[in-house]
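Q: Now for the letters of each chain:
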Amino acid sequence: MTVEVSSLKELVEQASGDDRSPDTQEYFVNMGPQHPSTHGVLRLVLKLDGERVLRCIPVLGYIHRSIEKISEHMNYMNCVHLTDRMDYLSSIMNNWAVSKAVEEAAGIEVNSRIQYIRTIFAELERIQSHQLWWGVLGMDLGAFTPFLYGIRDREVLNDVMEETVGARLTMNYVLPGGLMADIHPNFVHRVKEFIKYFRPKLDEYDDLLTNNVIIQERLRNVGILSPQTAVQYGATGPVLRGSGVAFDLRKDHPYGVYDQADFEVPVGTIGDSWDRYWVRVEEMRQSLNIVEQLLDNIPPGDFLVKKLNSKIKIPEGRYYSQLETARGVLGVFIASDKKDEPYRLHYRSPNFNNLWCLEPMIKGDYIASLIGAMSSLDLVIPDIDR
Amino acid sequence: MGIVTDKLPGALEKVPGGNVLVTRFDEIINWARASSLWPLTFGTSCCAIEMLMATGGPRHDLARFGAEVARPSPRQADLLILAGTIVKRMAPRLRTLYEQMAEPRYVIATGACTISGGPFIYHSYTTVRGADEIIPVDVYVPGCPPRPEQLFHGLLTLQKMIKEGETIREPGVRRKPVISALPEGITLEDIQGEMKELLVKENVVDVQHAVDKLKWPSGLNEQSSGKSGANESGAGDGT
Amino acid sequence: MEREALQAAVCELDAAVSPLDANADRAAVVVEASALPAIVRRLRDEPQFAFAQLLDHVAVDWIDRGQFELIYQLYSFKHKHFLSVSVFVPRDDPRVPTLCRVHPVAEWQEREVYDLFGVLYDDHPDLRRLFLEDDWVGFPLRKDYQDDFMLDRPR
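Protein chains in written order, with UniProt numbering: chain A, 1 to 386; chain B, 1 to 239; chain C, 1 to 155.
Bound conformation, chain A alone (with noise of 0.2 Å):
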């Protein structure tokens, strides 16, 4: 058995050096960290031969901002804001999986009301999430107009969330032990118009975009992953369901009030862009009903069980929970000693997992279906790096 410890600068010289045939030349090709349609600061190494894409090598650590040290030195109530900034999409599900992990580390038990408002706003958060996903695939695949059908959308949705949690992008509502804040009494009325509103846009992003046939044509049967490697490579959320494998932890192992919803877990069919695709745009119109379901019957309560900025203590041992946000399973390590400080903070992020799935997805295609391909991976890069 050995050990070798490599360098990026290594791979390629070695990578291109073997290269000895006649008649094409393999090469590589820089893309990013500073590029249009990575979303963000994500780097990739692509070798190709002419367009086709031979091998993709992520390089990460551009947003590395060390959150896991930094928590380590935080208390637990301090950790949760923190993860607003990982994955920034879906921040509301962030909270909550730090505080669920909490609460069933330390033994907090939350009332119902509190659970019902963090089961609606994670799943307003989600439709959110998904409107600006699916603005953004169509501008990368050229189309401008589905920016800004999606950004209109998202934020009419973004004032009936901002008046309850006074914040637009790091909602920072969820605590361990309740919420921030009791929901606006507009909350529901609202909500209500907004799914009135939306439900029709739905079907004008249908019109738009999923029936249009440069998309479909740049879509169907590019990046195809079978469900064994979407599993082999730890692709959770969309990406796993929509290569077919109906793994939804809503569904599977119910959290919050999910169990007290009716909803369908939407799943692809062979696993190409297309189906993560559809799939998202099948979760809103789901999203939509498990609100619309729930909405009414917010019991009464306290929207806090716990003091604010109260030290929470842990027993010594190592908790772990998860919970299904827009983009996967995102999973909370705690190894406690006692303290109020966790020992060691991890975060499986569903991003860093799904990521993955690239190379296989693309191998061998050619670099223009990386891109859509990689806006079906709907990737969030702060929260890869973490």
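It is worth saying that the hints were derived from the structure and are not from the lab. The structure presented is a predicted model; accordingly, all values stated were derived computationally and were not measured. Please note that a few of the clues may not be correct.
[To be verified] Straight line, CA to CA, 16 Å or less: simulated EDC-like cross-link-like pairs of lysine to aspartate or glutamate:
id, chain 1, residue 1, chain 2, residue 2
1, B, K88, C, D148
2, A, K338, C, D64
3, A, K311, A, D340
4, B, K88, C, D134
5, B, K88, C, D147
6, B, K88, C, D135
7, A, K201, A, E155
On the provided structure of chain A, position chains B and C as indicated by the hints.
A: Same frame as chain A, now just chains B and C:
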């Protein structure tokens, strides 16, 4: 015929066959620069959603300020909107991007992370504590993340700085950076109202005001002396 | 399978597996480092376990005990159960066989742990730094890591 006297300072004179606008090269070039800033799409993390996507979207609409032509290439951009944390590994790349932009180039640092490292200052082994450790910054827009309105306020501040400050004789000379915190009580409606006011004003030519604003070298301009230029109206002043 | 039953069943697989009880909220076992790939492969292939996915790989630096704890989180889509597999390696010689051949995603999860903790994975096909530059000195998530750049929070 309407001429934007507010943004294009100059003396308007009636001549046979039309109007002639007299101004200085410095002023007209600065006016042109300020009114068509092309931002580079540089978003590293959360702020990018608010600064580049929400502002570019239909509600907030960056195009109203002439800055909607977001370029992915630094060669075609002259405004760097820093949106997101800068870490050690990104720092040399950011410097390269800045160097590749054409002169004159301007930098707006948005968000707590870009200004100071934000929530990632302590115990972090990678986060750079402020983008101004790497590149010079003109306007700071605080917030985590700032609202789109705040970016607009920062942009208007930068436009004002450009119009007043930099000249073609001294292209590199920069004033002290300013912090463009949105004053208390400013809302989107206020800014929209201000913009509407400016648009109305654009259709009214106030020759005397334009002449007053122009500070000619002594001896050339007898008109300007002693006139009351009370109606001062820069683009960012109304707040 | 229930948590206790699963834990007992996994422990019966091999002499190198023993149960771990440290308030963990799911079935947890300790495996000897040398037996790890074989055990995980059996856990994946045997139908009563069917742990198809490696959800997560975490390292914990127990500096007082002089050990790294490497935790593998496994999930089975078929039976819908979780298992946490721990491996203890000495801090001064952290070596463990790689799981890349069993679960391909381990390649990158192990690279992350190597990057931040300096755990060496035997037979890893591409052991490189993941988040930090190739010439970075030290492993920052170790408890005793300190460099000139880091700031302590003023108390």
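Q: Now look at each hint and say whether the structure bears it out.
A: Status of the hints after comparison with the structure:
no., hint, in the structure
1, B:K88 to C:D148, "holds, 14 Å"
2, A:K338 to C:D64, "holds, 15 Å"
3, A:K311 to A:D340, "holds, 6 Å"
4, B:K88 to C:D134, "holds, 13 Å"
5, B:K88 to C:D147, "holds, 14 Å"
6, B:K88 to C:D135, "holds, 13 Å"
7, A:K201 to A:E155, "holds, 14 Å"
The structure is consistent with each of the numbered hints, conforming to all of them.
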